[in-house]
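Asker: Sequence:
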Amino acid sequence: MSLNDDATFWRNARQHLIRYGGTFEPMIVERAQGSFVYDADGRAILDFTSGQMSAVLGHCHPEIAAVIGEYAGRLDHLFSGMLSRPVVDLATRLASLTPDGLDRALLLSTGAESNEAAIRMAKLVTGKYEIVGFAQSWHGMTGAAASATYSAGRKGVGPASVGSFAIPAPFAYRPRFERNGTYDPLAELDYAFDLIDRQSSGSLAAFIAEPILSSGGIIELPPGYMAALKRKCEERGMLLILDEAQTGIGRTGAMFACQHDGVTPDILTLSKTLGAGLPLAAVVTSAQIEERAHELGYLFYTTHVSDPLPAAVGLRVLDVVQRDGLVARAHAMGDRLRRGLLDLMERFDCIGDVRGRGLLLGVEIVKDRRTKEPADGLGAQITRECMKLGLSMNIVQLPGMGGVFRIAPPLTVSEAEIDLGLSLLEQAIERAL
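For the sequence shown, the numbering used here assigns the number 601 to the initial residue and increments by one for each residue that follows.
What the hints contain is simulated information worked out from the structure, not anything from laboratory work. As the structure is a computational prediction, the values presented were derived from the model and not from experiment. Glycine included, each C-beta is placed from N, C-alpha and C at the ideal position. Please note that the accuracy of each hint is not assured.
Now the in silico label distances, taken between C-beta atoms and shown as ranges [as the list claims (entries may be wrong)]:
1) Pro999 <-> Arg674: 49 to 55 Å
2) Gln922 <-> Met601: 44 to 50 Å
3) Arg631 <-> Gly701: 40 to 46 Å
4) Asp689 <-> Ser800: 23 to 29 Å
5) Ala665 <-> Glu895: 19 to 25 Å
6) Arg611 <-> Gly897: 47 to 53 Å
7) Asp976 <-> Pro759: 47 to 53 Å
8) His894 <-> Arg774: 41 to 47 Å
9) Arg936 <-> Gly756: 39 to 45 Å
10) Ala932 <-> Asp700: 24 to 30 Å
11) Gln1027 <-> Phe624: 32 to 38 Å
12) Arg936 <-> Ala665: 24 to 30 Å
13) Gly681 <-> Arg831: 28 to 34 Å
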């Protein structure tokens, strides 16, 4: 009998946990190390999602564990009006790493929290209230962040924030807007903003975007699109908020994904990867915007704002990423992973597309590669077979597209682990077909 079949454990889980979306894997995870998690039987499972797309240094990195131990025993939590060296040092480090002009940071706990704070700041500074996002976006489950989230979770909870608008994300694999037979994402953007202008009451405050829409199916903004989006914002007196929860801290082969396009947002939000799996988030903006927000009475108290322990963790994460060359490693390992996925695409017609950048890649599963008809259920079956074989994969299933695997192993992943993951995925597809 498997130790995962602990009747008391599962009875307590059923009776005492609030379910928050999806289903739980039928196993008990007892520990994790590096690129693997281990169940109650001691079975090693290769984690190709870095936990919740967060553990960029792998699980239980010894230097992160040491920092946690040090600050848990020395300086863990403070009143919000008190400052500590880790907080000021992390803000200073972020100013040195982010694009020029992003000099001031607010340290929080979660991605939703950071997006909430950014949207609140944008509304206050502009004096306007309308927020535009992508129709495939995910920015969090709190009020304003949830109102700007369109990929899931909008039904049954009443109206979104007043002034919430969406436009389609540019999607080259399933283009909606063609000129002369060629997909034209910039013309699509022009048309989308024409519709926004017609609906707006004249109070457009900000556009919030992910450089790669992860929960939306790994949709990467094409070259030139982000710059065009920034111009649209500037023309309307809007701020551009970039949510780099999943793309930040080296994941895409640059420290921040916006650097690929040479675009500096007005506000940058970071979370998941900044804490490498620990609850740490940041809002980073310019001195000009921060000064104006302060003059207008910007208020965003939270229980764990400017906490020293997670700030110390964030500093060590950045130390390790820079010292160990993990940004370049994400690029190199991402190339190896992409080549392997493209090899699988040549073997299996159910793989319709391989996309993404660095170590944030997507694989779309279809019924017919020519028509791109979604393969209902096949992606989920492949996911189940992966888990049986010892590979943890996450699939996104949205209307109008096939199931999309989000593949995001730690930046510390080895070549052997990349190859193992590809081999297990190959076996899982063979079993599922």
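Asker: Hint by hint, note whether the structure agrees.
Answerer: Cross-check of the supplied hints:
no. : hint                           : verdict
1   : Pro999 <-> Arg674: 49 to 55 Å  : 50 Å, holds
2   : Gln922 <-> Met601: 44 to 50 Å  : 47 Å, holds
3   : Arg631 <-> Gly701: 40 to 46 Å  : 43 Å, holds
4   : Asp689 <-> Ser800: 23 to 29 Å  : 41 Å, violated
5   : Ala665 <-> Glu895: 19 to 25 Å  : 42 Å, violated
6   : Arg611 <-> Gly897: 47 to 53 Å  : 51 Å, holds
7   : Asp976 <-> Pro759: 47 to 53 Å  : 31 Å, violated
8   : His894 <-> Arg774: 41 to 47 Å  : 44 Å, holds
9   : Arg936 <-> Gly756: 39 to 45 Å  : 43 Å, holds
10  : Ala932 <-> Asp700: 24 to 30 Å  : 27 Å, holds
11  : Gln1027 <-> Phe624: 32 to 38 Å : 24 Å, violated
12  : Arg936 <-> Ala665: 24 to 30 Å  : 28 Å, holds
13  : Gly681 <-> Arg831: 28 to 34 Å  : 40 Å, violated
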